[in-house]
Amino acid sequence: MNTTVNNKEQFTVNNKEQFIEEMRIKTPFGEETVASLKCGQKVLLNGVIYTGRDAAHKKMVEALERGEELPFDITGQVIYFVGPTPAPAGKVIGSAGPTTSGRMDAYSPLLIARGLKGMIGKGPRSREVIEAMRKYKAVYLGAIGGAGALLGACIKEAEIIAYPELGTEAIRRLVVEDFPAIVLIDSTGQNLYELGKAKYRVSP
Amino acid sequence: MKIISVQEIIAAVEKLCIEANCVLNSDLQAALEKALSTEESPQGREVIELLLRNAQIAAEEKMPICQDTGMAVLFVEVGQDLQVVQGSLTEALNEGVRRGYKKGYLRKSVVKDPLERVNTGDNTPAVIHYDIVPGDKLIITVAPKGFGSENMGALKMLKPSDGLAGVMNFVVNTVDQAGANPCPPIIVGVGIGGTMEKAALLAKKALLRPIGTSHPDAFYAQVEKELLRRINSLGIGPQGFGGRNTALAVHVETFPTHIAGLPVAVNINCHVARHRRVVLEGRESADEHHS
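Read top to bottom, the protein sequences are chains A and B.
Just so you know, we're using our numbering here: the first sequence kicks off at 45 and counts up by one.
Just so you know, we're using our numbering here: the second sequence kicks off at 12 and counts up by one.
To be clear, the hints were calculated from the coordinates, so they are not data collected in a lab.
Since this is a predicted model, take the numbers as computed values, not measurements.
Be aware that one or more of the hints could be misleading.
Selected chain A positions facing chain B (in silico; Cβ < 7 Å) [what the hints assert, rightly or not]:
hint, residue
1, Gly134
2, Val136
3, Gly138
4, Ala140
5, Ala193
6, Thr212
Restraint ranges, calculated between C-beta atoms of paired labels, are given here [what the hints assert, rightly or not]:
hint, chain 1, residue 1, chain 2, residue 2, range
7, B, Glu44, A, Glu113, 48 to 54 Å
8, A, Ala131, B, Pro136, 42 to 48 Å
9, A, Glu203, B, Val290, 42 to 48 Å
10, B, Glu71, A, Gly74, 46 to 52 Å
11, B, Ile139, A, Arg158, 42 to 48 Å
12, A, Glu113, B, Lys45, 48 to 54 Å
13, B, Pro221, A, Glu75, 47 to 53 Å
14, A, Val246, B, Thr131, 41 to 47 Å
15, A, Gly91, B, Ala41, 47 to 53 Å
16, B, Tyr141, A, Gly211, 28 to 34 Å
17, B, Ile139, A, Lys243, 40 to 46 Å
No residue lacks a Cβ here, since even glycine has one placed at the ideal position from N, Cα and C.
Please work from the sequences and hints to get the whole structure.
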């Protein structure tokens with residue numbers, strides 16, 4: 045079972061008036077964790093996550109279509125849409141911020157149906173992905189796009205576990221510590237992009 | 012006539028690739044700090060704080076600011092009184108990119124064929140735009156372009172009757188459609204006029220102008236201001252989480268066009284907006300006295 049701990053510091057450096065509760069959560073996700081993650085919730089992820097972007101997603105879905113197994117047991121897992129820069133000497137990984145998630149929309153529903161519980165990326169998702177997230181109970185998290193150096197520093201272990209020929213696009217097993225993210229779309233379909241924009245939009 | 016060797020060019024490009032990717036330009040740093048002071052959305056402010064912290068970590072640890080270290084776009088101004096010696100200029104520029112991306116531990120993000128999609132392994136070839144200019148200098152700008160933002164660009168051949176309103180609506184709609192994808196707060200480059208490819212190139216070049224500077228023509232300076240106001244009314248905000256700072260700047264570049272046309276191109280840059288420039292001086296060639 046996953047434990048959740050509240051953490052109220054961080055993100056509040058210059059916003060002392062803001063009281064923002066952050067939830068420290070463990071990966072992989074159980075049903076209870078997914079249900080607890082509501083749109084707009086800030087989280088700090090701890091544990092194992094897997095990387096995968098365009099080419100790896102294509103390969104995974106092609107493998108499933110051929111009736112083959114995925115390169116890792118996807119049940120409860122979290123996939124981070126990222127293609128890191130190479131690790132310099134003394135580091136486990138280079139810069140590692142999220143890539144645009146929309147390019148994975150064609151592949152995510154099938155992976156969600158197979159047990160994927162979390163995705164980390166940036167940008168909106170298709171209706172099909174959100175429907176799959178609601179049906180099978182999964183959550184979409186956002187990491188800060190372009191904060192690759194900061195996010196890379198939260199990655200403590202990195203190992204290529206599949207498709208090494210894809211280079212930066214290979215599937216890596218990462219161990220993360222207090223990796224900051226925000227719930228963009230929760231398992232009920234609530235969407236931070238829509239709610240956030242509506243709040244600040246004036247007639248353009 | 013002056014000369015410059017390909018070795019000097021290779022070394023310069025190598026350095027520019029690494030610097031552009033690891034050190035945030037000072038104009039952008041200032042623009043983000045200003046955005047932090049004006050942003051109304053608490054989530055938006057948190058995003059900007061994280062971006063500033065990220066830039067600091069990147070500079071201190073010599074890490075790329077963003078993992079998408081881009082396709083290398085090079086603008087090269089070649090003085091017509093300068094001769095490149097000991098090799099090919101284009102080869103030298105690509106070799107500089109190859110070395111910079113290796114030495115700087117930058118990501119290799121280029122595939123050889125757009126449909127077969129096999130990585131070239133060294134981030135070449137670069138996209139190189141040449142201008143022949145008066146003088147004997149070689150001016151190189153390296154502008155690595157990530158595709159989170161590049162994919163959100165758009166081009167439209169408007170009718171002359173669409174006028175300024177049509178141009179502005181197209182720009183604002185393009186940014187609205189892009190939403191969170193190009194990593195706002197963004198820089199918006201707009202190219203108006205010329206032909207189809209000229210408008211696209213103008214939009215890209217517009218991204219090189221320092222943030223905080225306006226178009227020299229008062230009319231277009233006002234257009235930039237109004238576009239920025241409208242874009243920042245969209246509510247997209249930093250990272251698309253909602254807020255007032257969707258764009259840090261809008262830069263417009265124009266060119267004469269045909270009586271039948273009004274091409275408009277929009278090229279969006281993310282908040283990292285990388286570009287670095289160097290001016291290389293040629294040296295006197297040994298056989299100068301013969302000429």
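Taking the earlier hints as the rules, which of them does this structure contradict? Numbers 1, 2, 8, 10 and 15, in rising order.
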